[in-house]
Amino acid sequence: MASDLPPPYTALTRHPMMPRTNHDEAARFNFLTHFNRFLSGGVGAGNKLAYANEVLPAFRAEHGRDPEHRYEIRDAMNQNDWHRMWSALKRNSMEMRQHNGRQAVLRQLDELDAMAEQYIDSSGLLELDPSVEQPHYQTAVDIHCQPGGYHSEERSGDVTVGANYDVGLFATTGGALGGLNDGGGQAVVEWAKKERPDWQPKRILDIGCTVGHNAVPIAQAFPGAEVIAIDTAAASLRYGAARAAAMGVTNIKFVQASGEDLSRWADGTFDWVQTTMFLHELSSKAMPKLLAEANRVLTPGGLILHIEQPQYSDDMPLFEQFMRDWDAFNNNEPFWSAMHGRDLKDVMAGAGFPRESQFVAGVRAVADPEIFPPSPDDGEEDFGRAAIWNAYGAWKPAEQAAAA
Amino acid sequence: MSDPIDWVALSGRRAKGKRPEYFEDPALDRLYSTVFALAAEVSALRERQDTVERMLDEKGTISREDIETYQPDRAAGEERGLATRAYVSRIMRGFQQHVEAMEADDPPIMDIVEKLARE
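Residue numbers (the working numbering), protein chains in the order written: chain R, 336 to 739; chain A, 28 to 146.
Among the hints, a few may not be true.
What the simulated footprint calls covered on chain A by chain R, stretch by stretch (three residues with Cβ under 8 Å from a Cβ of chain R suffice, anywhere in the stretch; the number is not a length) [stated by the list, open to error]:
#, stretch
1, 41–53
2, 73–85
3, 122–128
4, 134–145
Source of the hints: derived by calculation from the structure; they are not laboratory data. Heads up, the beta-carbon is just placed ideally off N, CA and C, and yes, glycines get one too.
Take these sequences, add in the hints, and give me the full structure.
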């Protein structure tokens with residue numbers, strides 16, 4: 336009966352950099368975990384009922400047709416009492432997660448900053464470049480309603496935003512990302528090892544790594560490889576480098592750089608270029624630019640792989656598209672909608688990855704099922720947040736230079 | 028280290044980006060924020076009480092440190108998880124029954140009152 340219960344917050348692995356939660360901070364995250372499950376489960380179904388019973392009939396009566404775009408459904412649903420209540424609950428849950436995480440982090444910031452400094456200095460895993468500007472798509476709003484986004488500082492050189500991301504991710508995902516919040520990276524590793532069991536990539540680039548929770552498992556799984564994890568946000572990189580060092584990982588480096596400008600790396604430098612839940616944090620102009628750069632630094636025969644929620648296709652019902660779009664408008668994910676509306680295969684092709692070299696695979700978070708039950712399946716899916724993803728990838732053709 | 032920070036004030040900082048207004052009356056938006064923050068506090072209090080009871084059962088005496096560092100084992104974690112699920116279902120009953128009502132589509136009660144008066 337209780338087998339699908341999310342694990343208690345204390346089941347998370349306490350790596351040395353993880354902010355220490357006291358009893359009640361952990362208990363608040365437990366509440367939020369259950370609250371989120373409640374909102375996405377039984378009462379989440381209320382949205383579909385409200386649409387079918389009230390919103391769609393009213394739309395048909397007014398327009399004499401069905402909605403033709405998810406935005407038409409959104410406009411109509413935003414007038415619906417049920418959907419407004421449900422959205423208010425969900426928004427508050429996210430805000431409470433941020434507040435609880437920030438209280439835990441900020442009350443112990445002196446210790447966290449000091450510890451991070453030690454790990455960074457002794458490990459040499461961090462390379463910052465103050466000339467890297469924060470792109471407008473990262474600063475227009477604070478992504479995920481995380482105050483300060485992923486780039487701001489509470490004081491010079493602090494680790495607040497990275498630490499807050501790590502300490503509270505559990506509550507947002509109901510523990511579905513495993514003990515180290517690394518279920519996405521673990522999923523990538525599992526896929527790669529199954530796909531090419533003997534493949535031994537030597538140089539791996541992770542773009543948009545934030546705190547490296549998905550890059551570290553790749554480094555751990557390929558100890559002979561050197562992983563470069565880049566992000567524009569120094570505040571996240573500092574925490575990520577300290578976290579990796581604290582976990583004893585040595586074959587990774589956190590470098591401040593923009594995926595749009597990889598000019599410091601020569602053509603064909605990397606055997607593998609990875610993004611995990613990152614393309615949707617870009618912008619319409621930045622995404623193709625970044626992918627073209629990724630193509631350039633990828634060696635012929637190398638792998639590019641993106642983990643994202645499924646793209647909206649014509650096969651996906653408009654109502655589902657609308658539900659999956661919720662975070663774009665309510666959780667400060669402003670490129671989410673446009674990005675998922677694209678045909679990523681076209682974008683990838685435009686960036687130099689021929690269609691015949693591309694593939695799409697389904698992956699789901701890999702976590703210890705004894706402790707961390709998997710994301711609820713389709714029936715109770717938390718639209719856009721379930722730890723069930725699509726992997727959009729390509730093996731760069733060896734002969735691409737000649738073909739181009 | 029650096030100057031001490033006011034962690035209470037800083038932690039409540041808002042996220043940049045216009046917050047959607049979910050209700051016509053902004054007071055309702057504010058009220059939701061307060062009610063559910065309180066709901067989380069009650070949940071945390073209940074969990075704390077459970078921790079105290081479990082540790083007293085086990086050891087007969089406890090310290091604050093014991094409470095702050097308590098980690099339920101698997102069985103206790105499930106019992107507490109189930110208790111939290113039941114708690115959420117109690118405070119969210121109105122919302123859950125709203126969904127059930129959407130599925131049921133009952134007529135107004137006056138229709139039935141009048142019907143029973145007639146038939």
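Taking the numbered hints from earlier one at a time, note which ones the structure violates and give those numbers from smallest to largest.
-> Result: hint 4 breaks, nothing else.
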